[in-house]
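*Asks:* Now for the letters of each chain:
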Amino acid sequence: MGSTMAAKILARASGASSVATGDAVVAAISFITCLDGQTFIDNFREKNLKVWDPERMIFCFDHMFQPDWMPVRAATEHPKIKSFAKEQGIPDENIYDLGRNGISHQIPVEHGWALPGTVCVGADTQSSTMGATNCFALPALFGVDPIIVSGKLWMIVPECVRITLTGAFPEGVNGKDFVYRLIADLGEDVQGRVIEFDGPGVANLSMDMRLAIANGSVQIGALTIIFPSDATLLDYIGPRAREEFEPVQADSDADYVAHYDYDLSRIEPLVAGPHNIELVRPLNQVTGLPVTAANIGSCSSGRLSDLALAASILRGRHVHPSVRLVVTPISAETYREANRAGIIQDLLDAGATVTQPGCGACYSGNLSPLKLGDGERCISTSVETLRGRMGSNESEVILANAAVVAASAIAGEIADPARYRAKEKVSA
Amino acid sequence: MKLQGKSWKFGNGLGATDLVSSDYDKLGMTHDWDGCAQHLLEKVDPGFLGKMRRGDILIAGTRLGAGHAHYYMTAIMGCKHAGISGILCESVNTLFQRAAIDAGYPVWPLPGISDFVRDGDELEIDLATGMATNKTTGEIKQFTPIPELIRDILNAGNSLNWALTLAV
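Each protein sequence line maps, in turn, to chains F and W. Reminder that position 280 of the first sequence reads as 280 in this note's numbering, one-by-one numbering, no gaps. Reminder that position 81 of the second sequence reads as 509 in this note's numbering, one-by-one numbering, no gaps.
With the rest of the complex left out, here is chain F:
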């Protein structure tokens, strides 16, 4: 029986010639990326612990937590992270502060930390996002202290599921819709397992799409997601890579516990929520529901292609007077690219508020002007739809792709972007 990508990466990182599902291994990590709300710093100071390799630890200022009751609020946490970095000898360039900042699992991709064939660790729930680069990306929200002192992690070699992709997404469909499709279809079958993609459809997915799909791992119920290495990945990561790397490919007879096929051309726009992300419905079942808030951003969206998709709908139109549309680019680099491309201008002209890059309105504790009040309904591209996630417990969050959010912001109700695209074609 051959090896999966996950088994090959874990074998390489643990110094074994091969590993089998169920083996307990200790694997070396290539780096760790941390968000700007950390619980380990006090512990490191109290116990006089040292970071195993300060050059391989980065911090990304993304949430900018605000509430006074949070012990990690930005006003105190950002200076604390910087003084911790000084104490530990972490280079200044490893602190992605304003001007270079972005979400903690996007920065490592943009800046060539998350490399094919390696074990990467992120201290955020959504860190599996990095798996788009053919790495084993572990979300380690808790239990990062032992990884940081040793540069190693314990792992039971997980079962893997193979998903073979064909076709390409139709216009106006993106990675988020596919994540909702997988949430609805797979459920228990992928619980705690690694999803590995293959097939000719992979080549039709841009890096942005792959990152958005890998981002959904926790919501789908998987441990992480790994994309294969191909020309799209190597063209993207090659110039950015901070060191040499060696991609992995699954063996043709790899040990998968389940196999699914998806034709991407059959994926349609979907929505998830409110309150329960497993409540997945076709867009046409919710069109017409009034909205007062619209959010484009977060680590499952907020990339250049998401902003461009929203701008293509909003260009020359206006946000409905009863709606506030807030857009948060995923990183400073993405913000600058969107600005150069004229996308930011289009968004502003349409009446959007564009904020500093980062996590944005996805969680009510973050720095964002968008907080939901009682009775509000928000259409959002963000990660979670849990009750109270974006503000009041008496509000609703419905998740959708950036085109749907843009169309809904114009209409003041959940709307199919096709109605705006059709008019565009007539006028052209």
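Honestly, the hints are just simulated from the structure, not real lab data. Accuracy of the hints is not assured; some may be wrong.
Derived lysine-lysine pairs resembling BS3-like cross-links, with alpha carbons at most 30 Å apart [what the hints assert, rightly or not]:
1) K371(F) - K508(W)
2) K47(F) - K454(W)
3) K80(F) - K454(W)
4) K508(W) - K50(F)
Starting from the structure of chain F, add chain W where the hints point.
*Replies:* Quick look at chain W alone, frame taken from chain F:
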């Protein structure tokens, strides 16, 4: 490494926010673990805290620990501080299990465990050998032992203590 106590059975899909409701997010975020413990299973089984005793064991079905990881530690530390000695289940969300093991708290899938005990049965299980005794029915069953590496972490108290013993 033995767990011994009454078995309290819950069904499939017991999520982190079923163990401690997201209403108590603030208690978790401020690490008020005793506070979290006072709301254990409050919405699933309102009388639970009144009937359980220290050392008792939760028995879950499939998909234990589903949901957003933000709420995991609130749930795990809530169980630990309420005196639940561990959670055994048919299957578990790997990240939830990982968070528990890192905290030195046994959460482990043992397929077949929910058929082996009834609600309220006295269970004794040695995690090192996998040998389980249902002291109410007298039945004995051999489960798969948990790996030595994991036992090392649990014996060290948490994964930080364990990691400090690794050669860097």
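*Asks:* For K508(W) and K50(F), compute the direct alpha-carbon distance and say whether it is at most 30 Å.
*Replies:* holds, 28 Å
*Asks:* Is K47(F) within 30 Å of K454(W), Cα to Cα?
*Replies:* holds, 26 Å
*Asks:* Please verify whether K371(F) and K508(W) have alpha carbons no more than 30 Å apart.
*Replies:* violated, 34 Å
*Asks:* Need the status of pair K80(F), K454(W): alpha-carbon distance at most 30 Å?
*Replies:* holds, 22 Å
In terms of the numbered hints stated before, the structure departs from hint 1 and from no other.
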